[in-house]
Structure formats: structure tokens, C-alpha cells
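Quick note, the sequences are listed as chains A and B, same order. Counted the way the numbering used here counts, the first sequence spans residues 1 to 166. Counted the way the numbering used here counts, the second sequence spans residues 1 to 417.
These aren't lab readings, by the way, just hints derived from the structure by calculation. You may find that some hints are simply not true.
Keeping only pairs whose Cα atoms sit at most 20 Å apart, straight-line, the calculated EDC-like set for lysine to aspartate or glutamate is [what the hints assert, rightly or not]:
id : chain 1 : residue 1 : chain 2 : residue 2
1  : B       : K389      : A       : D45
2  : B       : K71       : A       : E33
3  : A       : K137      : A       : E155
4  : A       : K165      : B       : D17
5  : B       : K16       : A       : D163
6  : B       : K54       : A       : E155
7  : B       : K3        : B       : D248
8  : B       : K389      : A       : E114
9  : B       : K27       : B       : D56
10 : A       : K86       : A       : D54
11 : B       : K151      : A       : D163
12 : B       : K316      : B       : D346
13 : B       : K243      : B       : D226
14 : B       : K389      : A       : D110
15 : A       : K128      : A       : D113
16 : B       : K389      : A       : D41
17 : A       : K143      : B       : E22
18 : B       : K57       : B       : D46
19 : B       : K47       : A       : E155
20 : B       : K51       : A       : D163
21 : A       : K134      : A       : E114
22 : A       : K132      : A       : E114
Model, not experiment: these values are computed from the prediction.
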Amino acid sequence: MILKGKVWKFGDDISTDHIAPGRYFHLRTNLPELAKHVLEDAREDFASKVEKGDIIVAGRNFGLGSSREHAPRIIKLAGVAAIIAKSFARIFYRNAVNIGLPLIEIKEADEIDEGDVLEIDLANGIVKNTTKGKEYKFVPMPKFMLDVINEGGIENYISKYGDYKI
Amino acid sequence: MGKTIAEKILSEKAGKDVIPGEIIVAKVDLALVQDGTGPLTVEVFDKFGFKDVKPDKAILFIDHAAPSPRKELSNAHNILRNFAKRTRAIVSDVGEGVSHQIMAEKYVKPGDLLVGADSHTCTGGGLGAFSTGMGSTDLALAFGLGKVWLKVPETFLFELKGKLPEGVYSKDIILHIIGTIGADGATYKAMEFTGEVLEQLSQEARLTISNMAVEAGAKAGLIPTDEITKAYLKENGREEDFKEIKADPDAKYEKVFTIDVSNLEPVVSFPHTVDNTRKISEAKGVKIDQVFIGTCTNGRIEDLRIAASILKGRRKHPDIRLIIVPASRTVYKKALDEGLFDIFIDAGAAIMAPGCGPCVGVHEGVLGDNEKVLSTQNRNFLGRMGNPKGEIYLASPATAAASAITGEITDPRDYLQ
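One chain only, chain A, in its complex shape (with noise of 0.2 Å):
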């Protein structure tokens, strides 16, 4: 699967409270309302201008805190192809990989800028950002994550093969 997108860049520690905050409590079941709100104690514009295929590109421990699904999901549903950062938390990562949105961890996410365009293979672990003629390679997702991820997440995965298949 190849991802091309444009950039949108975040700091370090952004927490499912900035991607989906609390105050929004009573629009968990009404996730298209709460992703109007995605990352908005981040970045107050995001929602209102991201675009279908952008891509997130932030820094260290990106997801920290609660187990809050809604987070990816809001993301995936405001139209984000995919999330590169130095680093990611556990149940964040966990909960993407889960609802077929790709994340990437590469260390030199520094190097990339807001509004630079990426293509991301992700069987192969590459990312090519065009606009600055840079290449980074990743270690792809183990076999069972990627089989989620190209199945478009594990609701699809476990309609198809009926149990996990690892």
C-alpha cells in the first residue's frame, strides 16, 4: 500500500486529551460531532482544514494517556491517511493498528516540515518526502498488524478469517 499526503506537523506528548478532550465526553457516541473537535487543544484549525489523504507527522510518545479508541477513529475519520512520530504510545498505537490506520515510527521526524508531501510504503518500510528529495526507511509492521492494516482494520479482518490468525 502506498500513502501520498501532505504534512501536518505536532509536537511531542500529544495526549488523547488534545485529540479528543474530555469536555467532549457526551460526544463519544456521536463520533462524527466529536471528530469536528479532533486535536483541537493542539491546534484550534486542524479539524476545520485538514484534508482527505494528510498525513500527521509529530514527535515523541504521540497518544499518551487514556484508552480512548475515539482518538484514532476521529483521526481516521477527519480523512488522515496515516501518523508519523519519534515515537508512539502503546494503546494508541494498539488501538490504529486495530482500526486500520497506519502509524509510522521514524527518528527523524524533525527533518520533515508542515505542508512537505510524503509517499509512505509500508510494506517496505519507506518514506519519501518529494518536496525535499529525502528518504527514511522504518521497520515495517510485524506480518499480523500489517494483515490488520491492509484488511482495513480488525473488524474487517475478523469478518474475513473468523478468529486471529497468528
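Since the structure of chain A is already known, use the hints to place chain B on it.
Same frame as chain A, but now just chain B:
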């Protein structure tokens, strides 16, 4: 080859010898969701066409916004109540309290695999269970299939040495550890705790340490079981649930940290990350608007006793609100029976129904703009308590109680008899 606690429990649940890094499918003993994550679990469970829940116990906790402050959440609560009517799942309803405390009192057993759609599910590690947080969809699968996929974590060992000084508590130990290794210092890893300090900590104090493992990024916070564990289970009427859980002597750890607690001071986390810690001597004097004592981290009876011992015969500072939320109905009743409520009421506190209280930012103490709260909860992220213009400081119940009296962050040791 010797195994860590995580590797031992996951080997049993996977039905084979597991190694760190491996992806396994493991049998789930206990599964929980709460009112923020559960409705999505029910939606996905139904989409799969599952009919009933498979784990020994599947529990739906209405604790985050209980009682409900608005109609959308009342409707969300009813999704959980209706699910329990058509399956074997159990509802823990308004007034019962926080999931993690109730799991510790009633359900989680040493050696169990507990998964929960709540990040602080790691609390169960304090009772020697592999207990970890995940998402709503994972829980739909855990409910329906009785198993989950897991990557076996490498383990970091934390050897706790020395003698814990007076006025310093397990909350200070875990804040100190997170401040030292960072909020991502143990990402994807299991944290395992050992050492002579454990003998100085009650079971309740141990749960506080495991509760905050996720704040260092960890998947689990595991504590071996012993006589203290056994006594706690007995006190809760389930001595038969005891099982010895400990690592093999030749277990392999990815890293070993030795922490000497003998010279530890009370610790405070400053906004907006848990690892932004300072010693009380460098923290005191910060003026606050609200003090909150409660949560799955520090809303247990021992915590309330510590707070009451400081607040007894004293009043809160007139400029602050003091909010106290016992973690469970059992804690609430004990506190009432022991006369702690009299002390709190006379001190000017507002005592709320058992539950998560203001920690999640939904109700019962949302911050105003530019306000500061000192809380015994586990997390101080921007916006956590309902207002991104507020600031959250984290500390032990003793530090919180002392600070409630003065209206500024205060060293609790000034108030110990």
C-alpha cells in the same frame, strides 16, 4: 530459561512458552469497559454478531460520569444496562465506584489476564495479575471470543530499596520513578517491582504504584504476591483466590533500575505531563484554587485515613474548594463508619458519590480559566479536567490535604503529629 512475571502469566494464557516480542493470542479471564469506552464496545460486539460474553466475568462500569450530568451520557449508560440484560455481562452502576478499585476488591486474582477498555486497568498488576488497558474494539473481541492478541513485552525491573521516610508514600515513589525515566520511559514494556520497600507498603499502596505504570508508557505494572496480598484478599472475603506469583530467579530483564527511597521527599508533578516532577521543597508555595482527593490512584480507605489525619480539627483555606470522592461504595461506607466524613465535613469538604469524580473533566469540579488544582489523580494533561486553560498538579493524599489547609502546595510533613 527463567521467566519474568509477565512472561509466566502470558505463557499460561497462550498455552505455550512465550518470548518477548512475539505476538500471541491469549485467553482472557476478566474483561471490563466503562461508560466512556463501553458503548463503542457494544456497537462493535453487535456488528460482529456475537451473542454472549465468553470471559469468566465481563463487567460494564458506569463510573466516569456517574450519576450522569447530561442526557447524552444517560443514554450511553442505558446502552450498557441493556447489554447486561441480554448477556452474562454485569453492570456496576451509579454509586458503586471506580472500576479498578472494585476489580481489586472483588474480582481480580493473582495470575489472571485482565483486559480493560481503560488505560488504568494496569492497577490489577498490584495483585499479581497481568492487567492491561486497550481499546473498545479489543474489548468487543475479548467479550465475544474470550481472547485477545498481545505482543509479549520485555520487562523492566524496579528494585525498591531502603526505608520509606514518614510523610512519603507510594504515590511519591511512583511519581519519582516516572520523573526519572520519563512519561515514555517504559513504553511497550512491563514494569515489575521488587525489593524490601514492598514489605513496607500495604496492598492499597501497591495498587497506587501499578495504577500509574501506564504513565511511564508501560503495558503492565506487576508486583509479586505475598502475605500482604493474601491478607488483603482475606479481608475482602476471597482468601481462596490467592496464588503465589513471582518471577523466576534467573528471569531476564531488559533493564534493571535500583531506586533507594530512604531520602525521598514528597513529589509533585507540574503541568502538563506526569514526568514534570519536582521535590516538595521546590514545589511549595504554588497557590491553588481546588484540591481533589480520590480516583483509582488514591481514593482508597488508607488514602482517606491519611487525609483525615491531617485535616482533623482543621479547616480548608477559605479560597479553595476541597472535593473528596471515595473510590468505591466499600471505601465510602468504611470512611463513614470510621468517622472520616465528620472530619471532612468539618474541614469544609464536598464529598461526592463513589466514581471517577472530576478526574476525567466531565463533572464535579471542572476548572475555571487560569485555575490550578492539586489532585491525587494520575494524570495532568492539558485539558484533562475539562478546561485547557486550567493547570493540574499531582501529589499524594497527604500533600493534597496539607495544601487544602494552606491554599498553596505544602509539605505534608509540617502537619504530621
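Hints versus structure:
1. The straight-line distance between the Cα atoms of K389/B and D45/A is roughly 17 Å, inside the 20 Å bound, and the hint therefore holds.
2. A threshold of 20 Å between alpha carbons decides the hint, and for K71/B with E33/A the separation of about 16 Å falls inside it, so the pair holds.
3. Using a Cα cut-off of 20 Å, the hinted pair K137/A and E155/A is violated, with the two alpha carbons roughly 29 Å apart.
4. Proximity of K165/A to D17/B is assessed by CA-CA distance (about 18 Å); at most 20 Å being required, the pair is judged to hold.
5. Restraint check: the Cα-Cα separation between K16/B and D163/A comes to about 18 Å, which is no more than 20 Å; the hinted pair holds.
6. With a C-alpha separation of about 18 Å, the suggested pairing of K54/B with E155/A holds against the 20 Å cut-off.
7. Taking the CA atoms of K3/B and D248/B, the gap is about 5 Å. The hint holds against a cut of 20 Å.
8. The suggested pairing of K389/B with E114/A is violated, with an alpha-carbon distance near 26 Å, which exceeds 20 Å.
9. Of the supplied pair hints, the one linking K27/B and D56/B holds, its CA atoms being roughly 10 Å apart against a limit of 20 Å.
10. Taken as a hint, the K86/A and D54/A pair is honoured in the structure, with Cα atoms around 18 Å apart against an allowance of 20 Å.
11. Distance restraint check for K151/B and D163/A: the Cα-Cα separation of roughly 17 Å lies within the 20 Å cut-off, and the hinted pair is therefore satisfied.
12. For the given pair, K316/B sits about 9 Å from D346/B by alpha-carbon distance, which is consistent with the 20 Å threshold.
13. For a cut-off of 20 Å, the pair hint linking K243/B to D226/B stands: about 9 Å separates their Cα positions.
14. At most 20 Å may separate the alpha-carbon atoms for a hinted pair to count; K389/B and D110/A exceed this at roughly 28 Å.
15. Proposed proximity of K128/A and D113/A is supported: the alpha carbons are some 13 Å apart, at most 20 Å.
16. For the given pair, K389/B sits about 10 Å from D41/A by alpha-carbon distance, which is consistent with the 20 Å threshold.
17. Simply put, K143/A and E22/B have alpha-carbon atoms about 11 Å apart, close enough for the 20 Å limit, and the pair holds.
18. Restraint check for K57/B and D46/B: the C-alpha separation of about 19 Å stays at or below 20 Å, so the hint holds.
19. For the hint pairing K47/B with E155/A, the CA-to-CA distance comes to about 9 Å; that is within 20 Å, so the pair holds.
20. Distance check on the hinted pair: K51/B and D163/A sit about 16 Å apart at the alpha-carbon level, within 20 Å; holds.
21. Restraint check: the Cα-Cα separation between K134/A and E114/A comes to about 15 Å, which is no more than 20 Å; the hinted pair holds.
22. Restraint check for K132/A and E114/A: satisfied, since their Cα atoms lie roughly 12 Å apart, inside the 20 Å limit.
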